[in-house]
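Asker: What follows is each chain in one-letter form.
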Amino acid sequence: MTPPTLSVRGLFAGYGPVMILKDVALTVAPGERHVVIGPNGAGKTTLFRALCGEVPARAGRIVFEGRDVTGLPGFRRVRAGIGRSFQVARIFGEMTPAENVVVALEAGAAAQGRARPSLRVAPEPALVAQAEAMLADLGLAGRDAAPAAILSHGDRKRLELAMMLSLRPRLLLLDEPTAGMASGDRRAAVRLIDRIVRETGATLLLTEHDMEVVFGLGTRISVLHYGEVVASGAPEAVRADPFVREIYLGRGGRHA
Amino acid sequence: MTRPVPAFALTLAALVALALALPFLVNRGLVFLAGLVAINAVLGLSFNLLFSTAGLLSFGQAAFSAAGAYAAALLLLRLPEVPFLAALAASALAGAGLAVAIGLVALRRTEGVYFAVLTLAFSELVHVVLAKTSLFGRNDGLTGIPRPRLSYGLGSVDLAVGDRYYVLVILVTAATAAALWWVTRSRLGRAFRAIRLDAMRAAYLGIDVRRRRLQAFAIAGAATGLAGALAAPLTSIVSPDLAHWGESTKPILFTLLGGAGVFWGPAVGAVVYAAVEYATRSLAGASDLITGALLLAVVLAVPGGILGSALRLARRGRARPAPRAAPAPAPAGGAP
Amino acid sequence: MLADWPSLLFNALGWGMATFLVAAGLTLIFGILHVLNFSHGGVFMLGAYVAFTLTRWSGTGGLASFLGASLLAALATGVVGLAVDRAVFRRLAAVDGAYVLVATYALLLVCNGVAKLVWGLNVFSAAPPESLMTVTVAGDVVMPHYALFVIGAGLSVYLGLEWLLNRTAAGRMIQAIAADPWMARLLGIDVGLVYTGTVVLGFALAGLAGGLLVANQSLSPDLAGIFIIQAFGVVIVGGMGSIRGAFLASLLLGLVDSFGSALLPSMPGILFFVALALVLLVRPQGLLGSGRLA
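Chains as they are written, first to last, in the UniProt record's numbering: chain A, 1 to 256; chain B, 1 to 336; chain C, 1 to 294.
Calculated from the structure, these hints are not laboratory results. No false leads were mixed into what you were given.
Okay, derived cross-link-like pairs now, EDC-like style, lysine to aspartate or glutamate, Cα gap no bigger than 20 Å in a straight line: (1) K116(C) - E277(B); (2) K116(C) - E247(B); (3) K132(B) - D241(B).
To list a few chain C residues with every Cβ distance to chain B over 10 Å, as calculated: (4) L54; (5) T196; (6) L287.
Glycine included, C-beta positions come from ideal geometry on N, C-alpha and C.
Bound conformation, chain A alone:
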């Protein structure tokens, strides 16, 4: 049997004296699209950061494809095959979109020892072509004259996806990928993520607020409540879970 893509056991994490995650357990099977939901303040972002390596685990284990990554800093987790997006897309605003992706491709090559010594000052043409193809594929072709700082919110998100995907990650961690989008853009983003996951065969773990996105993308849902996983299962089962209904509907049921 293949090991799960991601296995989290007994994870505790927090900031200073405040412990936010308490004994979190989570298993993500290969090819799964796992959505973590929970009310505001439930610890979604902390869990996300702990998985990325941004917040250290105080206890517990995070195992990626059978390899313990609990003690690894963020960049080593990326090199191991985990891709990560930010809630507010982070890009290199002074560089052109293509340069953004080229930096990612060069970082990937350097990390795998594929970067040959070179006296070039311009990026290798093969990498530039690859970056441009990636941008075209995500609908960002022809924006290359200007720095990325002037891109719209949605285009920044797509550029960030392009940077992440150029490293060919096998697990994508997306932190509220549709945050701040209008509903039309949101549907387009869901279609895009759906297509990417189909084409790359990557496993997906995301935190999300919007129910349409949660049930449109998710094949499995975990509910965080006060830093603990209170339910985990198929979307319909979670929807029917009495405790989950109490958490949400009991408090007005509007926010997820």
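Fit chains B and C to the known structure of chain A by using the hints.
Answerer: Relative to the frame of chain A, chains B and C by itself:
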């Protein structure tokens, strides 16, 4: 769009030609001064690599130029049989080695003013060690550093004669500038720039941020050490004052005056600084007052510095027939 | 080797209080404006020059004229602070942190330039007031009265600032702004006015320190750089912007310097930098650095 390599090569060739023509145009005092300016330009160019490309504000560059100067002085005085170019290489290594040693500690805190103050503290430490160690001549430093002789196969050149040492300074300076330009524009420079723009984003592309910053620090340390080594035979003396924190602020001054973010900015800054000092040499305090006021003006009113502003004006002038919709981007880390 | 520890302790106290006098204004400005002010050393030096010139004019050499000259120096540098706040500090709000540091360094250059233009490159030396030229010997410890005076001055400035920050309405306002300027503005506090007041007070304290410490120093344009590094160390070890932290750090670094020079006589002052680097690495927020001012 201009092609980067020819544009840089042309600029460098023009500068070298101008520098080599100087001995035929001005007196020996000014030629000596031009040698110092060339060395200062290298100090500024290496600081610019750190500050504008890698995003590190070091207030301790004097430690590295002093390391290079003392290494060269010791080799010239104690081991004259070592070829001078090898001594220069050793000085660059001394600068890089010290940078790695300091960087391993200081780079743990790169945020806010911590890095500035840590590098300042470590360079003062170097200052004290130089002033109190007999190998380094304590407070007096090392004096009587000879100008070397270059001998390779075909024959030998005595650099003590005429302006020959000045020519060597210009050639080594130009080679160092070319190397720094290459680093700024290369794959490595792009990674440095990515880290300056957003270190977290860079880390989540798999970039080892601390290692890359250490590399930037070491490269700048090597170039700074080399500059220090070039100065030792020129002035024939090295003293602990070379490591005083006041010396560390000079490359910062050159860079901001000339234009941070523009590759040649620090060179322009070094020339302007020397001109102010030379013009006010008989009036104590005037050069401090003028450079201080210029620096304030740069920070408060002209953030691009002299060269940055000139380039922006030129670009605006050229763009006038067809105004662009988007504002011109700030020059990022190394337009030629 | 450390048999003369009472003397070392006394030296530590003297070093610590002299440094605290210089660091107090630096800490105040850092705590509230979050500007690490390089020019503080230059203002300190200008204060020393002004006080030196005034006492030379008065020619009495008494304690009263010494104190009066120091207070006038504080007044003068306070006015300089007002001008600098208007011309420079107010415009730095929108400027990147690295450039702010460079701007204050530019101000230091301006101070150096003014000092060189007005007083020249000569080295002056000022004697303490006659009544402080005596010494008291207690056991093995020789205590110059001027050193006792500096220790007393340091303590007084510390207690005065503690009183100002914790016992007065203005102090509470300053603390509110240090903690959260946005919220303070919401509560109707005139933040701009308090910033100006802080800069003026910080500069005045630098001038006062210059006047009080001018004796037994060689007064030259180099003076600006000598104390500023020590004061930086104190501000950082104390916890960026905490007056109480700066006071404790002055004592601690005084001990490090005094005992370090006895332990390592060949490298005086080196342990100060080692201690500074260690604190930055182990506890970068400083001894009392929790964002609180006092």
